[in-house]
Amino acid sequence: MNEYIISKQVGKTLFEKIWNKHVVKTINGGPSVLYIDKHFIHEVTSPQAFNGLKKRGLGVLRPQQVIATADHNVPTINQHLPIKEELSRKQVEQLISNCANFGIELYGLGHPYQGIVHVIGPELGITQPGTTIVCGDSHTSTHGAFGAIAFGIGTSEVEMVLATQCLLQTRPKLMRINIEGNLNKGVVSKDIVLYIISKISASGATGYFVEYAGSAIRALSMEARMTICNMSIEMGARGGFIAPDETTFNYLKGRKFAPQSHEWDKQVAAWKELYTDQDAVFDKELFIDASEIEPMITYGTNPGMGIPVSGHIPSLNEVVDEDKSSFEKSLYYMGLQPGISLIGKKVDYVFIGSCTNSRIEDLRMVAAFVKGRKKSGDVEVWVVPGSKQVEQQAIEEGIDKIFSDAGFQLRQPGCSACLGMNEDKIPAGKYCISTSNRNFEGRQGPQARTLLASPLTAAVAAITGQVADVRDYL
Amino acid sequence: MMKKNINTIISTAVPLTVENVDTDQIIPARFLKGTTREGFGKNLFRDWRYKDDDDQKPRADFVLNNPAFSGRILVAAKNFGCGSSREHAAWALKDYGFDVVVSSFFADIFSNNALNNFLLPVLVSDSFLKLIFELIQNNPSEKLEVNLEKQIIRISSTGGEESFEINTYKKACLINGYDDIDYLLSLRNEIEEFEKARV
Ligand code: SF4
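Line by line, the protein sequences give chains A and B.
First residue of the first sequence: 1, per the numbering used here; consecutive thereafter.
First residue of the second sequence: 1, per the numbering used here; consecutive thereafter.
Read the hints as simulated data drawn from the structure, not as lab findings.
Here are the simulated PhoX-like cross-link-like pairs (lysine-lysine), alpha carbons at most 20 Å apart as the crow flies:
id, chain 1, residue 1, chain 2, residue 2
1, A, K55, B, K4
2, B, K33, A, K90
3, B, K170, B, K150
4, A, K25, B, K196
5, B, K78, A, K199
6, B, K78, B, K130
Label-pair restraints from in silico Cβ distances:
id, chain 1, residue 1, chain 2, residue 2, range
7, B, E145, A, E328, 33 to 39 Å
8, B, E149, A, S261, 58 to 64 Å
9, B, K57, A, Q409, 34 to 40 Å
10, B, E161, A, N28, 26 to 32 Å
11, B, T168, A, E16, 22 to 28 Å
12, A, N28, B, Q137, 38 to 44 Å
13, B, A172, A, E423, 43 to 49 Å
14, A, R62, B, N7, 34 to 40 Å
15, A, E328, B, K4, 38 to 44 Å
16, A, K272, B, T168, 38 to 44 Å
17, A, V23, B, N7, 26 to 32 Å
18, A, P63, B, G177, 26 to 32 Å
Glycine included, every Cβ here is placed at the ideal spot set by N, Cα and C.
Taking the hints into account, I'd like the entire structure generated from these sequences.
Here's what the structure looks like:
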């Protein structure tokens, strides 16, 4: 990997083109007032924002630009029954009443469009190139896969956008990560992003917005691009995005809220103008050769602590002095030792889900691998689709049958064990291979131990009951 | 709401020497079920403060449980507040009683959330951070003075100081107790003009 730092400014980056079109005004010596096209909300980070509006006697300025769903807190079995846990139920009920009172469309439990907020936006065609998108959730960067400026905000900011459809933002620095070449067998987009983060660290892109580019990125499907953009925040970036192209247009065409008929051609013509000029300059650029990338796995408690599955955890003398104490603390939490290989490590749970890897393509990838195979006896395997539509599609394609034959549980849509806010928690001390995006201490439940990996690496762990190199099974 | 303006804060400080403290540590997801901004302080750093959810006994080895340390300033190691966008992290710190967090590196969204809740993130150099960690650990009654107007953080006993950055707009908001919403609401006409002009 090579790194260049450049500062001179010439042509325009895609980021600047979109940003400039959305600036209402700029405060002298301060941030810009940025206009927001689409605002997604969910039950956990919105109640205080609505309370704020009520206190100030305000309404929602553009309710038709706000889309709500219930995802973080919802159970993934028996969704037709009332939510058992009282506080979760109250949050979901508040979302329902807030949406009704303020005139916001809600895809709540039981609705055919319900699902994880970052899965439903794209699949409904709400997420479109050249737009600004926010949500009170850091993985809003997912929508950047369509060439949108999409980023997570806090609840005070949710309130601002509800009230004014605008936000005060300082323009971030820009970084481009170029990935050229072909991916090796068994390597998928999750491995690309885990590889990048392992190279630049969990704070390596703090202060930046990242554009992903290069032939390896252009060759990816929309689902795969979303996986990469999703984890931009895991390298510290405010967001990440990819210039739209034919793959983007083909994905969007015919979707529920995508432009229709003659409006479609007009929009596609406009979207074709969304690219970074050849002579545009970034504050920082990275170049990665796709063939360097192997199937990846994390061993520690931040997403930057990743290694090729065939490699080994760094030994103590490979860690720089200033990182030693956090490295040791992390391994202690994980119950792992420096210098060891993870191959053969027994796992207790496999979680295939979250806004990183719960789309139909992820489920198809897992199904193709496990078809005719059975899960190892003592692993618990949860597959949680990202949305009702994904769930429905999986049933139509017979993927549900493949999973039940293999002994996998196909559950109902939601965030589930990604953050363990509902009952789907990994017990203390247990190991879980997870396709989600965070391996923080306690993320999947108090004292739970998370190994982040691709859906393929998760699938092979489900079959063998241990960490394995998927390339040995293809 | 836990808002108030900020200017000068003189206080003892609590040293949290762990790096990469993420928002799941500041406030674990299972405690995000409240629908108001209050009350999150009792679950601040929950999993480090208590052994498990049923056990209310504080863990003696965690700094918040050490009676020697207290105050309105949290001194934290680098990359503080990474992870999710949950503003609950800022609410929990503020609700617990902190008005300032000092570190050598903050995650972006955390800084924004903190500022929107009148919790001042003070960014200092690695060497200054190391120095204050040492001083506080040797003498927990050591005081820090944070002067927002002058953008200076100072060690009371030694007079050692460092200046810190904050954008002028945000500084004015904090000192005067304004928030972004008040400002954005005043732009209503400009926003509508902008909308008309772009279709
Ligand atoms: S799936 Fe996980 S990361 Fe994605 S929105 Fe839900 S909780 Fe956040």
